[in-house]
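Asks: If you read the sequences in order, they're chains W and H.
Offset between the first sequence (1-based) and my numbering: plus 8.
Offset between the second sequence (1-based) and my numbering: plus 8.
Check before you lean on any hint, since a few could be wrong.
Same chains, same names: a pair is fine if it fits in one copy or spans any two.
Below, in silico cross-link-like pairs of lysine to any residue (SDA-like), each with a Cα-Cα straight-line distance of 25 Å or less [as the list claims (entries may be wrong)]: (1) Lys135 to Gly123; (2) Lys372 to Thr72; (3) Lys307 to Met331; (4) Lys40 to Lys135; (5) Lys307 to Asn57.
Read the hints as simulated data drawn from the structure, not as lab findings.
2 protein chains.
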Amino acid sequence: MGEWKDLSRDELLGLRAECAAGYGRLKAMGLKLDMSRGKPSPDIIDLSNGLLEAPIPYVTEDGTDARNYGVPTGIAEFRRLFGELLGLEPDSIIVGNNASLELMHDFYSRLYLFGTLGCKPWCRLEKVRFLCPSPGYDRHFAISQAFGTEMTAIPMTEDGPDMDAVEEAAGSDEAVKGIWCVPLYSNPQGAVYSDETVRRLASMKTAAPDFRIFWDNAYGVHHVFGEHRLADIFRLAREHGNEDRVYYFFSTSKLSFPGGGVGMAAASPANIAEQRRHISVQTIGYDKLSQLRAARFLKSPENIRAHMREIGAMLRPKFETVMETLERELGGTGLVSWTRPKGGYFLAVDTLEGCAGAVVALAKEAGTTLTPAGATFPYGKDPKDTNIRIAPTYPELGELRSAMELFCLCVKLVSADRLLAR
Amino acid sequence: MGEWKDLSRDELLGLRAECAAGYGRLKAMGLKLDMSRGKPSPDIIDLSNGLLEAPIPYVTEDGTDARNYGVPTGIAEFRRLFGELLGLEPDSIIVGNNASLELMHDFYSRLYLFGTLGCKPWCRLEKVRFLCPSPGYDRHFAISQAFGTEMTAIPMTEDGPDMDAVEEAAGSDEAVKGIWCVPLYSNPQGAVYSDETVRRLASMKTAAPDFRIFWDNAYGVHHVFGEHRLADIFRLAREHGNEDRVYYFFSTSKLSFPGGGVGMAAASPANIAEQRRHISVQTIGYDKLSQLRAARFLKSPENIRAHMREIGAMLRPKFETVMETLERELGGTGLVSWTRPKGGYFLAVDTLEGCAGAVVALAKEAGTTLTPAGATFPYGKDPKDTNIRIAPTYPELGELRSAMELFCLCVKLVSADRLLAR
């Protein structure tokens with residue numbers, strides 16, 4: 009059949025009618041599917057039900073009563089376990105509440121309120137700019153937006169953000185204060201930052217001395233198609249005298265319970281000392297029982313890796329269903345391109361220009377909620393209206409198949425209208 | 009014997025020598041006691057071990073999987089339970105993480121960063137002042153200090169803060185933006201705000217439209233000597249058109265596990281809507297499993313009240329030991345006065361001027377850590393150096409008796425030196 013842009017008006021009208029009929033049938037099925045967020049399905053979460061059932065200890069290995077107050081930066085056995093898993097110094101880790109997003113928000117907030125390591129608080133500056141590799145994670149951008157940070161979109165490549173653009177912006181403008189990164193299995197592409205990208209981020213010159221990389225390693229052990237590895241950003245940053253540049257974040261939300269996990273942050277000694285001071289004002293201590301449960305249940309790096317292989321095996325057919333349906337229904341039409349994620353929770357589809365919003369709206373009308381079009385860009389505005397994030401982790405395979413068929417029909421319908429309107 | 013100030017030099021020297029010998033004996037016992045913080049003892053915490061042992065449900069009554077993401081302001085059954093217990097609208101409650109201190113900090117922080125209900129963010133103002141009923145809670149003052157708020161001490165009476173001073177400051181100066189309150193069983197006095205105090209706080213004119221009462225009802229159901237009740241500040245504030253003035257805080261930390269409780273905040277509809285918007289940027293949701301465990305374990309207002317009566321019965325002899333020892337060892341000496349707490353976690357002792365710091369240091373030397381002198385005042389500076397907070401909840405009775413004997417000896421030694429130096 010070839011690319012739709014080369015079809016005649018009659019051919020397009022014929023295909024459109026076919027698709028409209030298919031869309032009507034699927035709509036009549038009364039689908040009710042939410043694919044808007046990166047939520048794991050109940051059967052994936054069930055893998056961690058040991059967290060609920062095990063008799064819960066309340067004394068840590070060093071004799072601390074985890075029920076009582078204290079230990080504001082997290083119990084030792086939790087920090088040791090995740091230090092080993094992630095290649096971080098246990099002392100460089102602060103363990104937080106259930107959400108690493110909260111830690112990111114709070115670190116960001118402290119830069120505004122108090123500044124860092126002697127630099128001026130950002131709330132006292134005329135302008136603060138942040139680099140936002142795009143398409144990217146909407147909740148990162150929402151934090152910047154809430155604080156009134158001016159966001160600059162940076163194009164994403166298969167190797168991470170376009171580093172020429174990053175170096176140019178960070179090197180020339182003191183108002184550029186940082187960058188949001190999901191370095192392994194990026195949200196939404198599933199891309200992996202190359203060693204060269206990590207090295208350039210760690211070593212580049214920045215005009216602002218308090219430039220900060222928010223290194224959200226949310227999918228750090230969330231392999232689906234092979235076990236990819238990141239270069240060690242702390243080692244590289246240290247080698248270039250930039251170790252204070254990196255705020256590292258991780259959480260167990262997608263290892264165990266999304267809403268009942270444990271978030272953590274890691275940073276240089278100077279940064280950790282500063283954050284400890286701030287945290288000691290904010291709280292008497294985060295929930296140590298939650299940390300203890302997680303440490304005892306997850307046990308060892310080997311055990312976590314085995315657990316993640318199980319999860320990966322459950323996610324792989326979901327990703328494959330998405331990609332197979334896209335290939336079967338839209339391959340060769342020239343109507344979309346999509347990423348081949350290496351792991352993580354998402355993939356991204358690009359439609360013809362000006363179609364993404366209409367596709368999402370049409371799918372919604374037939375009972376399938378996708379991530380809002382535009383959400384993957386700063387301010388929720390995709391300048392070309394092409395990008396759609398697909399989150400295949402929650403639905404069952406059967407539902408996912410229907411949802412993707414619906415999605416492909418929506419793409420065809422919207423694209424046909426677009427092409428017919430030429 | 010009469011008051012020590014009327015004793016002769018020789019009499020004082022004699023008493024001093026006796027006390028020095030007693031102090032030496034106690035010091036030789038090698039006490040190791042921490043009475044610095046309001047921590048419950050392990051046997052009190054054990055009352056809540058059902059939280060650990062019960063099989064944990066993960067589905068809420070409305071069918072939400074508490075393990076997964078979502079429900080950013082807290083599960084319905086938790087809000088209903090505590091709404092009923094505290095006389096609050098469930099919809100006026102936001103459920104947080106394990107610490108209400110964190111909620112207070114974050115509400116405070118948002119006033120600085122974003123302002124409230126259209127008012128200018130406090131970080132953009134030349135000066136922000138806060139009223140600090142003193143002696144008061146050091147962690148409240150630490151928050152104000154961290155944000156650079158200018159703190160104004162307000163004298164405490166048995167009925168709460170000196171309301172003439174509060175009304176004068178709040179009514180005349182737009183820079184006065186709020187007040188810290190522990191209205192029931194105040195920290196450290198154990199005083200109860202009178203109905204008149206609550207009414208005046210709720211109804212007074214404030215120069216700042218965004219004046220905020222941080223109503224930390226930490227000991228709201230923590231009765232020890234009779235069940236005292238607070239006037240309903242929300243009702244009173246509403247009657248006077250000031251319902252946006254009040255931020256209310258509570259937590260289960262001292263109902264169940266101090267480090268593994270559940271914090272909550274309550275406020276007017278406009279304030280709650282604003283906080284919801286902020287919270288949705290900060291987190292995908294707090295730990296719902298923790299909320300569900302607490303709601304299922306604590307069950308009903310009646311059950312909570314019975315549970316608190318058990319805790320009260322365990323705390324009463326501790327408070328009595330403290331007060332009996334003070335009376336026996338120091339009654340009539342004129343060296344100290346102390347509060348008779350009605351409930352809560354603390355009482356306060358006032359020494360002769362200029363003695364508190366030395367008493368705390370001397371007790372520390374003999375192995376008993378008290379709350380640092382000065383901690384109960386803004387900036388950690390007690391202008392007269394007289395106030396010492398006593399936290400009797402953690403030690404066992406025997407230890408507490410020794411610690412209080414030591415304390416009384418320290419008071420006598422330091423006071424004798426002070427009187428001898430006249």
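Asks: Against this structure, judge whether each hint is valid.
Replies: Hints and how they fare:
1. Taking CA atoms no more than 25 Å apart as the test, Lys135 paired with Gly123 passes in both settings, with 14 Å inside one copy and 19 Å between copies.
2. Taking CA atoms no more than 25 Å apart as the test, Lys372 paired with Thr72 passes between copies only; the shortest distance there is 22 Å, against 51 Å inside one copy.
3. Taking identical chains as interchangeable, the C-alpha atoms of Lys307 and Met331 are never at most 25 Å apart, the minima being 35 Å within one chain and 48 Å between chains.
4. In this assembly of identical chains, the alpha carbons of Lys40 and Lys135 never lie at most 25 Å apart, being 44 Å within a copy and 53 Å across copies at closest.
5. In this homomeric assembly, Lys307 and Asn57 come within 25 Å of each other (Cα to Cα) both inside a single copy, at 14 Å, and across copies, at 23 Å.
The structure does not agree with the numbered hints 3, 4 stated previously, though it agrees with the rest.
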